[in-house]
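Going down the list, the sequences are from chains C and V.
Numbered as in our numbering, the first sequence ends at 317 without a single skipped number.
Numbered as in our numbering, the second sequence ends at 317 without a single skipped number.
Among the clues, some could well be false.
No distinction is drawn between identical chains; accordingly, a pair holds when it is met within one copy or between any pair of copies.
In silico lysine-lysine, DSS-like type, Cα no more than 30 Å apart, as pairs [stated by the list, open to error]:
#1 LYS144 <-> LYS222
#2 LYS71 <-> LYS14
#3 LYS302 <-> LYS222
#4 LYS265 <-> LYS112
The set of hints was computed from the structure by calculation and includes no laboratory data.
Number of protein chains: 2
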Amino acid sequence: MDIVKYIQAAAARVDSALPGVVRGLHGAHPRLAESMEYSLAAGGKRLRPLLMGASYEIFGGKARDILPAACALEMVHTYSLVHDDLPAMDDDGLRRGRPTNHKVYGEALAILAGDALLTDAFTVLLSARYARRIKPEYVMAAARIMARRAGAGGMVSGQAADLEAEGFLRGTLTPARRRRGLELLSYIHLHKTADLITAAVEMGAALAGAPGKDFNALSGFGRELGLCFQVADDILDVVGDKKKLGKSGSDARNKKLTYASLLGVQGARREAGEMLGRALASLRRVSGAPGPKAALEAIAEFAYRREN
Amino acid sequence: MDIVKYIQAAAARVDSALPGVVRGLHGAHPRLAESMEYSLAAGGKRLRPLLMGASYEIFGGKARDILPAACALEMVHTYSLVHDDLPAMDDDGLRRGRPTNHKVYGEALAILAGDALLTDAFTVLLSARYARRIKPEYVMAAARIMARRAGAGGMVSGQAADLEAEGFLRGTLTPARRRRGLELLSYIHLHKTADLITAAVEMGAALAGAPGKDFNALSGFGRELGLCFQVADDILDVVGDKKKLGKSGSDARNKKLTYASLLGVQGARREAGEMLGRALASLRRVSGAPGPKAALEAIAEFAYRREN
Numbered sequence: 010m011d012i013v014k015y016i017q018a019a020a021a022r023v024d025s026a027l028p029g030v031v032r033g034l035h036g037a038h039p040r041l042a043e044s045m046e047y048s049l050a051a052g053g054k055r056l057r058p059l060l061m062g063a064s065y066e067i068f069g070g071k072a073r074d075i076l077p078a079a080c081a082l083e084m085v086h087t088y089s090l091v092h093d094d095l096p097a098m099d100d101d102g103l104r105r106g107r108p109t110n111h112k113v114y115g116e117a118l119a120i121l122a123g124d125a126l127l128t129d130a131f132t133v134l135l136s137a138r139y140a141r142r143i144k145p146e147y148v149m150a151a152a153r154i155m156a157r158r159a160g161a162g163g164m165v166s167g168q169a170a171d172l173e174a175e176g177f178l179r180g181t182l183t184p185a186r187r188r189r190g191l192e193l194l195s196y197i198h199l200h201k202t203a204d205l206i207t208a209a210v211e212m213g214a215a216l217a218g219a220p221g222k223d224f225n226a227l228s229g230f231g232r233e234l235g236l237c238f239q240v241a242d243d244i245l246d247v248v249g250d251k252k253k254l255g256k257s258g259s260d261a262r263n264k265k266l267t268y269a270s271l272l273g274v275q276g277a278r279r280e281a282g283e284m285l286g287r288a289l290a291s292l293r294r295v296s297g298a299p300g301p302k303a304a305l306e307a308i309a310e311f312a313y314r315r316e317n
Numbered sequence: 010m011d012i013v014k015y016i017q018a019a020a021a022r023v024d025s026a027l028p029g030v031v032r033g034l035h036g037a038h039p040r041l042a043e044s045m046e047y048s049l050a051a052g053g054k055r056l057r058p059l060l061m062g063a064s065y066e067i068f069g070g071k072a073r074d075i076l077p078a079a080c081a082l083e084m085v086h087t088y089s090l091v092h093d094d095l096p097a098m099d100d101d102g103l104r105r106g107r108p109t110n111h112k113v114y115g116e117a118l119a120i121l122a123g124d125a126l127l128t129d130a131f132t133v134l135l136s137a138r139y140a141r142r143i144k145p146e147y148v149m150a151a152a153r154i155m156a157r158r159a160g161a162g163g164m165v166s167g168q169a170a171d172l173e174a175e176g177f178l179r180g181t182l183t184p185a186r187r188r189r190g191l192e193l194l195s196y197i198h199l200h201k202t203a204d205l206i207t208a209a210v211e212m213g214a215a216l217a218g219a220p221g222k223d224f225n226a227l228s229g230f231g232r233e234l235g236l237c238f239q240v241a242d243d244i245l246d247v248v249g250d251k252k253k254l255g256k257s258g259s260d261a262r263n264k265k266l267t268y269a270s271l272l273g274v275q276g277a278r279r280e281a282g283e284m285l286g287r288a289l290a291s292l293r294r295v296s297g298a299p300g301p302k303a304a305l306e307a308i309a310e311f312a313y314r315r316e317n
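Looking at chain C on its own, in the form it has when it is part of the complex:
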């Protein structure tokens, strides 16, 4: 199995399916639909669909079977970015080199585009016609996972905690504040990042009707992978920018709470390494096809070492 080709094929499938998904929402306001498509087309790694497809394939199906579900989760991810970039939130003008949604369509339509992407993720997931092997109760389980992991018990609470953490590092970092910072940070990473990545592997397993034991092992893999991915991101913000720009990253400039700012780059890298180890250990407990498992392993290694 050629891992790079596997990853590229997964992204290409989602890239080509997403525009049709929005066009399938009949009666949609044209400019709203355009704004939704604009952000869906922004590309990115399509990590969540990739993880969902590989997790599903472990149990014998083909990732193409669950393409609507993969698109649905990517819609949830995209909505979270559109809202996160809003002036009232992170106030970002650029994402992946393109103007953010509200810069192009205005704040009001960006809010609505995010709302619609989130809502219609459920339309897409629940209305698709799946192959017979994917039973309705599997689809319902997947929808439950998506809602729980994305809602107040998951991702949105990570965003809320992130707001709370703004400016945390202004002032002296006493040992007590460092402890409180690590606590807050692990809550943020768990919910803001790991929950949706966990949802991806859980949904793949649920759609395959995977045994509980394998579902749980994959869930543990997703959680540690998500945490590792986010710590690597924190490190990149310091090291990546330093190399390229000769100065510290934007999170550091904003005195934002990150593992790198609390533990230093070396300490953060050690944490990420431990997360990777736990992710791979959990993955080894999953029984099933070795090819897709090798893909998941490669993705985890990549998340740890990534440079963008």
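Following the hints, position chain V against chain C.
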């Protein structure tokens, strides 16, 4: 059947169930949860849960059976109000006499509270334990309806068109512009208001496993009721304020597109009357228990004559 008691009991059931719904979202960020509960507790008529329960009861069940679904739709309605009040949208500081969510919790948390209410409406609908008579496929059908009617094919597009209509009445109202205005307005009302009211009756019917013929008749009832409700709202904005304040309503002041501004109060009232007639005709085509049907009829009459 005492209609007033029926309506009050329905509202009381939802009012008492909603706080527990948020508390059931384990791991939620405390301030986010507080912000969600704040807007859920704002009260209101609980019209959508009432309609869902009565529609369900037509087919022999008790509204209490589907309380989680009724709460879910009320969460969707509440999220739409929280986002609609945002500074980037209608910029409203008060709703039902209380400060709006963003006035109390700030814009960022209000956006997130809306996002979480919407997402967890699906958590609540899909995760609840229902009586055996409510089959999993009925719940899935209800979730599909909720997503479609609330998404880009429904409510959110109504909001988007509403943005487009702002300031429509500045400038001369030629016959061509009046026609365009009526077209735009019927799109707005259909999606912004009628879609979620239609969802309420459709979800009630779906959760009862109602026959297709009755489902469609109820759906037509919901649509005309929703339109009538909104036209009555437009009229109230002119007449209600005039009586109380001795001046025209806020929509009229804002040169907002309404039936009253396009057709005059008399013309709008005639339209509303025709909608009510069509709603009741559609309702008569539904077979099933007369009590709940009488309740739906009374609600429609109330929507037409309402004074608040």
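Here's how the hints hold up against the structure:
| no. | hint | verdict |
| --- | --- | --- |
| 1 | LYS144 <-> LYS222 | both (19 Å within a copy, 27 Å between copies) |
| 2 | LYS71 <-> LYS14 | within (15 Å within a copy, 55 Å between copies) |
| 3 | LYS302 <-> LYS222 | within (16 Å within a copy, 49 Å between copies) |
| 4 | LYS265 <-> LYS112 | both (24 Å within a copy, 26 Å between copies) |
In this structure, every one of the numbered hints holds.
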